[in-house]
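Since the structure of chain D is already known, use the hints to place chains B, A and P on it.
Residue numbers (my numbering), protein chains in the order written: chain D, 1 to 92; chain B, 1001 to 1499; chain A, 2001 to 2132; chain P, 3001 to 3252.
Hints in this document: simulated from the structure, not taken from any laboratory. Keep in mind that a hint or two might mislead.
Listed next, the stretches of chain P that the computed footprint assigns to chain A, with coverage defined by at least 3 CB atoms under 8 Å from CB atoms of chain A [stated by the list, open to error]:
#, stretch
1, 3038–3051
2, 3063–3069
3, 3076–3090
Chain P residues, not near chain A, derived (Cβ > 12 Å throughout) [as the list claims (entries may be wrong)]:
#, residue
4, G3130
5, D3170
6, A3172
7, A3194
8, I3219
Each residue gets a CB set at the ideal place from its N, CA and C atoms; glycine is no exception.
Here is how the chains run, residue by residue.
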Amino acid sequence: MTALLFDVLLALMLTVLAWRVVTTRELLQSVVLFIAYGLLMAIAWTRLDAPDIALAEAAIGAGLMGVLLLDTAGELRRRHGWRSEGGDDDTA
Amino acid sequence: MIEPMAWCILAPFIGASLAFLLPGRVWRRPIAIGAIGATLASVWMLTSQVWNSGAQRMDLSGWPAPLGIGLAADGFSVFMIVMTGVVGSLIGAYALWHYSDLSDATEPAERRLFWPLWLILWGSLNAIYLSSDIFNIYVALEVITLAAVALITLSGKAEALVAAMRYLLAAFLGSLSYLMGVALLYATHGALDLVIIADQERAGLPEVGAFALMATGLALKTALFPMHFWLPPAHSKAAAPVSAILSALVVKASFYVLLRLWFGVFDGPAMYAVGILLGTLGSAAIIWGAFQALRQMSLKLLIAHSTVAQIGYLFLIFPLTARRPSGELAAAGWITEACTGVSYHALSHALAKAAMFLGAGVVLHVYGSDLLTNMRGMSRRLPITTFALAIAGVSLMGLPPSGGFAAKWLIVTAALGAGQWWWVLVILIGGLLTAGYIFLMLRWAFISEDAPIQLRPANMPIQLAALALALLSVLVGFRLEEPFQLLVIGDPFPIFDLP
Amino acid sequence: MTLLSCGYMSVCFGVASAAGAATPETPVLTSHLVYMLTACLLFCIGLFGLITRGHLMRNVMSLNVMGGGVFLFLVAVARRDAGESGPDPVPHAMTLTGIVVALAASAFALALARRIHSITGEMRLEPGDDNS
Amino acid sequence: MTRHDATLRRRRRRALLRVRIVVAGAGALALALLLVAAVLELPEGPLGLAEEAAAQLAHTGVDHAVTAVLLNYRSYDTWLEVGVLLLAVMAIFALRGGAHLENVRPAPRRDPLLTWLTRLLIPMLTLTAGYLLWLGKFAPGGAFQAGVVLGAAGAMLRLSGTPSLDRIGDVAIRILLAVGFLAFLVAAVATRLAGLDMLELPPGRAGDIILMVETLATISIATTCAVLVMAMPGAESPPAIAAKDVRKEART
Chain D
1 MTALLFDVLL
11 ALMLTVLAWR
21 VVTTRELLQS
31 VVLFIAYGLL
41 MAIAWTRLDA
51 PDIALAEAAI
61 GAGLMGVLLL
71 DTAGELRRRH
81 GWRSEGGDDD
91 TA
Chain B
1001 MIEPMAWCIL
1011 APFIGASLAF
1021 LLPGRVWRRP
1031 IAIGAIGATL
1041 ASVWMLTSQV
1051 WNSGAQRMDL
1061 SGWPAPLGIG
1071 LAADGFSVFM
1081 IVMTGVVGSL
1091 IGAYALWHYS
1101 DLSDATEPAE
1111 RRLFWPLWLI
1121 LWGSLNAIYL
1131 SSDIFNIYVA
1141 LEVITLAAVA
1151 LITLSGKAEA
1161 LVAAMRYLLA
1171 AFLGSLSYLM
1181 GVALLYATHG
1191 ALDLVIIADQ
1201 ERAGLPEVGA
1211 FALMATGLAL
1221 KTALFPMHFW
1231 LPPAHSKAAA
1241 PVSAILSALV
1251 VKASFYVLLR
1261 LWFGVFDGPA
1271 MYAVGILLGT
1281 LGSAAIIWGA
1291 FQALRQMSLK
1301 LLIAHSTVAQ
1311 IGYLFLIFPL
1321 TARRPSGELA
1331 AAGWITEACT
1341 GVSYHALSHA
1351 LAKAAMFLGA
1361 GVVLHVYGSD
1371 LLTNMRGMSR
1381 RLPITTFALA
1391 IAGVSLMGLP
1401 PSGGFAAKWL
1411 IVTAALGAGQ
1421 WWWVLVILIG
1431 GLLTAGYIFL
1441 MLRWAFISED
1451 APIQLRPANM
1461 PIQLAALALA
1471 LLSVLVGFRL
1481 EEPFQLLVIG
1491 DPFPIFDLP
Chain A
2001 MTLLSCGYMS
2011 VCFGVASAAG
2021 AATPETPVLT
2031 SHLVYMLTAC
2041 LLFCIGLFGL
2051 ITRGHLMRNV
2061 MSLNVMGGGV
2071 FLFLVAVARR
2081 DAGESGPDPV
2091 PHAMTLTGIV
2101 VALAASAFAL
2111 ALARRIHSIT
2121 GEMRLEPGDD
2131 NS
Chain P
3001 MTRHDATLRR
3011 RRRRALLRVR
3021 IVVAGAGALA
3031 LALLLVAAVL
3041 ELPEGPLGLA
3051 EEAAAQLAHT
3061 GVDHAVTAVL
3071 LNYRSYDTWL
3081 EVGVLLLAVM
3091 AIFALRGGAH
3101 LENVRPAPRR
3111 DPLLTWLTRL
3121 LIPMLTLTAG
3131 YLLWLGKFAP
3141 GGAFQAGVVL
3151 GAAGAMLRLS
3161 GTPSLDRIGD
3171 VAIRILLAVG
3181 FLAFLVAAVA
3191 TRLAGLDMLE
3201 LPPGRAGDII
3211 LMVETLATIS
3221 IATTCAVLVM
3231 AMPGAESPPA
3241 IAAKDVRKEA
3251 RT
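Next up, chain D with everything else stripped away, as it sits in the complex (with noise of 0.2 Å):
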């Protein structure tokens, strides 16, 4: 029961992680939580004993994925400053 409990919680964070990527309107945050799902995603598949994949995930998913995307972020905020920096949303 504790560890189907613990699977509800994961698969809960998943999702709230999955929601606040998508809708976050900081572009540098989404980023973090990205990661952050990419990650959980990882413990999720250990729990499913799939550990070949949770390496990969961690590291091509979680890690590349995310170094990648860290660099383009980065890369916008040094061509325009803080400008555009969470502008790619006006809507209040």
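Leaving out everything else, chains B, A and P in the frame of chain D:
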């Protein structure tokens, strides 16, 4: 001795590797010509093998189907491979000139990367037509997507990059949707091989979900209305040979997969309502695409919108092969006409559309712009290209005696046989609109120019490549017997044999 | 947040016990079922993000969220089909392939987005309309 | 007047956005419901290929089932997957205006701490990659994980300003990138010429062949990952493309 089936994939891949490793000027031409020649030879070997001894199947990695991946070739796959081979090598002949140092329109990077990208794309198109495994099809679809998008970006112009980005996002979404369907199918059947899944019992809701996801993903990749938004910019902003490859060949691959799934995996014909829905979307594409083409002022955009319309005809196969809720086939007795008509339409459209895009490439090269208003005096300056555009237009309109006419005639016959007369109406309106935009396009070519303008000279080989494709698109209308015999080998449309 | 989590948990349990009620001999809620349902949600959340946001980096992230859903589903299926020697390796291999393919496509998309940004100064496809 | 227009446009945009959100939300919700219903109707299992894969494991040359699927049962998929990675690099080269790594973003200034850290980490990362690669034979691990770790080492070299991939020349880079794809290609042709099915590995030597192919694939994957990180188009536009734009303008 390697099977012709394997050669069809290996030959372009070997060519692609060589072209990537040896991009120098000295090697480019021999590698390209060698790869085209070797691939054509493999296609020829495969065709004669299937023609003489029926459908083929081989296991890869030495493991038969549930565990390993199988390659299978029946009449329909060979038909598509031959289409890709003929159209692809003529486009290749054009590209040999377009990406040579004689042409000043391209950059060294483009010339270096076109051949590896196009050859890998060719190989994976053949891989799709031969694959018998739904996950393998997913990987091959991704190879096609990445290669196609990279080809668009080759020209390096801002608008081409934006178009490529939109295409990449749409195709990526389509792939993921397809993959989710694969996951659902695997969860239901525990297998990935098309034949094995087809032999299992139908499984209700999970299968409906899988079909919805896969069909939507593939329709997005095929640019079925209203999911065609990415196609006109992507196909019109690329360089001429790339546009021809995309419009003539790439969109057909995802349609082929959809057709395979419809007949092979899901009991498509039983879904009457879905068939009608797909047919309706196809009709909307025919009307909307042609209507949009009428309004374009640039030659390549006009041709790209025409592709949206022509894709619509392909989707008429679904209502025509569906069963009525009562159980009998809607077009019983006319199934052969429906299936061969649509396959034939794919072929004649590939030939005609490649001819038009290559012709547009010649225009763009000579006039420096593809605005219709700039094409004045073209009939005298570029008689061969004008002729090619006109003939390809005849085939698109479906005037006799052309491949397009034969295809549309067959579809109309099947629709009347099925009692679904409304598709005939759509085809008629679509034909009229097509005639409209073709004449609108050609009108400018026959207006004499106001003042003599300085133009770049066009050389013969590229004009001949367009002309050859255009002539073929008409000539295929004269000989229907062999393609028909080829198409039924191995029973690719499993309802052929029903009364 | 707490409200949301309680709601989610009760939905999960409710759905699963309904499934369990339909076939009484199966366990009420298995962990792979939880993950399968979550996977479906993740897929749809990613789709929602892709349609509603216009920023290219967000599009890439949304697509990867969707991909995460697909892969989680596959891994959960592998767990469901576990034999004596562990979970089914075929969906695992499919997932691994899928992750690499998604990485390749995402890296290309990011590079393309950056190139577009350096030429046009825009990080979205329709500069005029704000569809972030 | 203009400000009024701007406000109006803004309001209309927001309304459009709201419509879009509602439509997308409804669509996604409907799809979610369909999927959830489908999942609840899935058969109980076990269904898949776990038993078959385990039964034949002894003939695959490896002891780890996932590696067996990737490099023996379904090696054709893995081949195409390596092809996808190669394509991603080609695509990025296309964006950069050529298959060369000179002119990648200027390396940052040397930082003593970073250099020290690099010296420490590179051997460790390389060892880890080798270990992961070898591990794949009988435990979780394998070419892709090893390749990414090795690629991270390459990216680190770059970060610390140490000359690495950007100095070894175009031809060498291309060979490193393509060698994984070529390994599968050679295996496909060679197995068939040896009278086996295409890509079929003879049980006796399968382990060695897999290790060889995996090593080559690891090299390609590592190079690919390093190039993906290093060669992302940056602020400076690649000279080839910039020059081209200028020429295009001059012509028209």
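So, going through the hints one by one against the coordinates:
1. 3038–3051: holds (count 11)
2. 3063–3069: It holds: at least three residues are needed, and the stretch 3063–3069 of chain P offers 4 whose Cβ sits within less than 8 Å of chain A.
3. 3076–3090: Coverage by chain A holds for the stretch 3076–3090 of chain P (7 residues, Cβ < 8 Å).
4. G3130: Since the minimum Cβ distance to chain A is about 20 Å, G3130 of chain P lies beyond 12 Å and the statement holds.
5. D3170: 19 Å, holds
6. A3172: At roughly 22 Å from the nearest Cβ of chain A, A3172 of chain P sits farther out than 12 Å, so the non-interface label holds.
7. A3194: 25 Å, holds
8. I3219: 15 Å, holds
Of the numbered hints given earlier, the model fails none.
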